[in-house]
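Asks: Each chain is listed here by its residues.
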Amino acid sequence: MHLEIGKFEVKDVQFGSKTTFAEGLLTIHKEEALQVIYEDERITTADLVLAKPTEPVRITPVKDAVEPRCKVTGESVYPGVTTKVLPVGSGRTHALKGVSVLAVGKHWGGFQDGLIDMSGPGAKQTPFSQLLNICLVADTNETFEKQEQQKKNTALRLAALRLAEYLAEPVRKKVPEEVERYSFPPLAKRTQELLTLPAVVYVLQLQSQMLEHGYNATVYGHDAGRMLPTLITPNEVLDGAVVSGSFMPASSKISTYQHVNNATLKRLMKEHGTTINFVGVILSNLNVQLEEKERAALMVAQLASSLGAEGAIVAEEGYGNPDTDFILTYEQLEQTGVKVVGITNECTGRDGRSQPLVDLSAKADAIISTGNVSEHLKLPPMERVIGELEAVARDGNAGGWNESIKEDGSVEIENNAIFCADSSTGDHYKTVKDY
Amino acid sequence: MPVVQLANLVSIAKTVGANRIVPAVAIPYPLGDMNKSAEEQKSLRKQRVEVAMQALLTTIEEATIFEVKK
Amino acid sequence: MKKAVHYLNQFFGQIGGENQADIAPQLHEGHVGPGMLLHQKLAPVAEVTHTVICGDNFIGSKTDEAIEQVLTELETIEFDIFIAGPAFLAGRYGLACGALGKAVQERFRVPVIASMNEENPAVEMYAHELYIFSGGANAAAMRKDVKKVADFSKRMLQADKLRPAAEEGYFSRGKRLEAFDGSNRTGAERAVEMLLKKLNDEPFHTEMPMPVPAKVAIAPAVEKMEEATIALVSSGGIVPKGNPDHIQSASATKWGKYEVDALYELEAGSWETIHGGFDPSAANQDPNVIVPLDAMRELEQEAKLGSIHPYIYSTVGTGTTQAEAARMGTEIAKDLQRANVSAVILTST
Chain A
1 MHLEIGKFEV KDVQFGSKTT FAEGLLTIHK EEALQVIYED ERITTADLVL
51 AKPTEPVRIT PVKDAVEPRC KVTGESVYPG VTTKVLPVGS GRTHALKGVS
101 VLAVGKHWGG FQDGLIDMSG PGAKQTPFSQ LLNICLVADT NETFEKQEQQ
151 KKNTALRLAA LRLAEYLAEP VRKKVPEEVE RYSFPPLAKR TQELLTLPAV
201 VYVLQLQSQM LEHGYNATVY GHDAGRMLPT LITPNEVLDG AVVSGSFMPA
251 SSKISTYQHV NNATLKRLMK EHGTTINFVG VILSNLNVQL EEKERAALMV
301 AQLASSLGAE GAIVAEEGYG NPDTDFILTY EQLEQTGVKV VGITNECTGR
351 DGRSQPLVDL SAKADAIIST GNVSEHLKLP PMERVIGELE AVARDGNAGG
401 WNESIKEDGS VEIENNAIFC ADSSTGDHYK TVKDY
Chain B
1 MPVVQLANLV SIAKTVGANR IVPAVAIPYP LGDMNKSAEE QKSLRKQRVE
51 VAMQALLTTI EEATIFEVKK
Chain C
1 MKKAVHYLNQ FFGQIGGENQ ADIAPQLHEG HVGPGMLLHQ KLAPVAEVTH
51 TVICGDNFIG SKTDEAIEQV LTELETIEFD IFIAGPAFLA GRYGLACGAL
101 GKAVQERFRV PVIASMNEEN PAVEMYAHEL YIFSGGANAA AMRKDVKKVA
151 DFSKRMLQAD KLRPAAEEGY FSRGKRLEAF DGSNRTGAER AVEMLLKKLN
201 DEPFHTEMPM PVPAKVAIAP AVEKMEEATI ALVSSGGIVP KGNPDHIQSA
251 SATKWGKYEV DALYELEAGS WETIHGGFDP SAANQDPNVI VPLDAMRELE
301 QEAKLGSIHP YIYSTVGTGT TQAEAARMGT EIAKDLQRAN VSAVILTST
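Chains as they are written, first to last, in the working numbering: chain A, 1 to 435; chain B, 1 to 70; chain C, 1 to 349.
The hints are simulated quantities; they were obtained by calculation from the structure and are not laboratory data. All C-beta atoms in this analysis are idealised placements derived from N, C-alpha and C, irrespective of residue type, glycine included. Fair warning: there could be bad hints in the mix.
Computed list of lysine-lysine pairs in BS3-like fashion (alpha-carbon distance at most 27 Å, straight line) [what the hints assert, rightly or not]:
1. 215(C) <-> 175(C)
2. 69(B) <-> 304(C)
3. 46(B) <-> 241(C)
Here are some of the chain A residues that sit facing chain B, going by a computed Cβ distance under 7 Å [as the list claims (entries may be wrong)]:
4. 72
5. 230
6. 289
7. 290
8. 358
9. 359
Isolated chain A, as found in the complex (with noise of 0.2 Å):
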């Protein structure tokens, strides 16, 4: 399987009377791309406005954010979710590079929703204040969650992928300044060189915990907590396999951006060929019974295994207790022999004394630690808001509280209510130490 990600490196974006790309400016052509997204009829009200790295701008409540992107042919970038199910991680697909869709919420927000500050001390919580950020602040008329603290944010997700793909359009057949490719050669038919380096696998655990449809994370649009794990390449997840759902709190999400671009991936195919044979990624859940739990965890063991892998690197996209989730397949793969490194948060309470994790292990010996889900923040008041800030207040956030904002319009609140602060992906610097 050979994909190749042309890219296209945005220095900065405006609007104007037509949508293009050159020289590093993005030009939007903003009626044309309100009509992309009033094509779903659920959207009642939509604007688009900028956000840009160091602007004294406040971004709440964010519910996905999503790279530009196309496939040369034309065909889906999320295949399952936008259009029927198709192929991916082969052939070229166009990113341009720097520059992130938000799907934001006009009034309404709930339970998983983010804030992103894109200056001051909140800014370096989080990679995506380092992005310019086109923010699609929308209303629809989906009142039957409206006062619900879960919130599937359907039609607003789903116009943020396509907002994302209309955007890409004029780089569709430009050549790009940068080609990154990713060969990923069938396991039964690898060199004698690779396979004298040690195999690894990538096991990412999905967030998966809702029962019903709409609020977890996809895989070709089929629902992750429906499934067993399941053997897939990377080649599939950096090119649109996966989609982000709606359930987790903000800071421990993995959004729809941070899937295509995981970085432990692509750490892990620039070491493939080199220091080790990967393998492929099992993609695995979090779930809500122990059984459940119990059997993922073999699954995972038993694909790891049946690949020969000797190294594993264990993502988790929650807290809580997917810690369970987390620590039955770490313990599983290295009762069959893999040698684990987790990656994932901690909530050890606003002071820093609380157990780590709710379950634990002493053979969860390599653990990268990306945040505190509670960790407490102040964060000053930003001239500008893009979205609503009562709504981190109001609407049940998981970081935020009824007198989370003050009135001049500072905002106190935990780690967990900002957007993908803890990126278990491994896109971040920000990790927890003793004091």
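Dock chains B and C against chain A, hints included.
Replies: The following block gives chains B and C in isolation, referenced to the frame of chain A:
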């Protein structure tokens, strides 16, 4: 005052120091089952509560998980 | 200029050796012995204005009395920081620095900085309370240890952002909080590097050392269930519709107590779950799947238990820290003890 914890994730209960533990059905419905009728659920619930009461009546030396028949 | 008070034992306080270890606490103006070095190193941010000296045996055997005397003396002066030692490997001296330091910190709300060797028994006892810097085994390390303490004290007095324990050089205070990787390596880079080390059997350092699981004393069993009063407690967020106590859906700090004496079951529509960490549909359809009041009532009617406590207790256990959960648990337990409840059925989600 003895406490019995009905928990689906028995390993977490053990980790935090619970001494009498009875496994529950699932995280969102520890004493129910979405795939069963209301009556079946109630009898399942009663069965597990009775195991919990038995756990409270049992003298133990170390943290113990009281298994429930499937 | 900020004011520092320095604590020394009889030996470093230049009163005498073991034969002077029984002397009572005394407050001197200015610096004494190694205090001169501390004084110099604290400049220009702070100065050592006073020195407290006490015999190791006195404070060791009459700890409360010694501490009270020192605190009373300190009431008469103003100071911004309290620096104890360095105590190196001296056990009694280390314990004196720890006990007195803790008391001073609590009474005067000033930072307390100490320095000891890692083998000093006081490290384990007081590392969570004070900033204790890792020091040498004996006075040969004086210059180095005093400099570390003084540098840190100056930054503390200037309200600089403090770095993690390992970077600063103090023993962990048991607080795990966020930091940014000093060498700007992403999680992905750190993970792959750690995996390669583990694969090659090279030493590696986890970023999350596993704590040892908690142990709780085992309560005696209920003797006669027919005479017992059983209470229902849950972390599954079951509350009367509308959540009257505004218990948070995640990271809860509140718990609620709700009367169920007249109820045969928890009816859908009147009760709901406000727990944010799972799909609430099953519990909202039938709240008894989390708080099994209906099953308990049947058992009560069948005389299989004495009675059901008239109140249920509820909070939310998602993102709720161990510390908050322990506090709420203690509060609920006290309430149950006051009501002479015999045993508890705790349901968690």
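Asks: Against this structure, judge whether each hint is valid.
Replies: For each hint, the structure was consulted:
1. 215(C) <-> 175(C): Holds - the C-alpha atoms of residue 175(C) and residue 215(C) are around 20 Å apart, at most 27 Å.
2. 69(B) <-> 304(C): holds, 20 Å
3. 46(B) <-> 241(C): At roughly 25 Å apart (the allowed maximum being 27 Å), residue 241(C) and residue 46(B) satisfy the hint.
4. 72: Violated, about 44 Å.
5. 230: violated, 23 Å
6. 289: The hint holds - residue 289(A) has a Cβ within 7 Å of chain B, the shortest such distance being about 4 Å.
7. 290: holds, 5 Å
8. 358: Since chain B brings a Cβ to about 5 Å from residue 358(A), closer than 7 Å, the hint holds.
9. 359: holds, 5 Å
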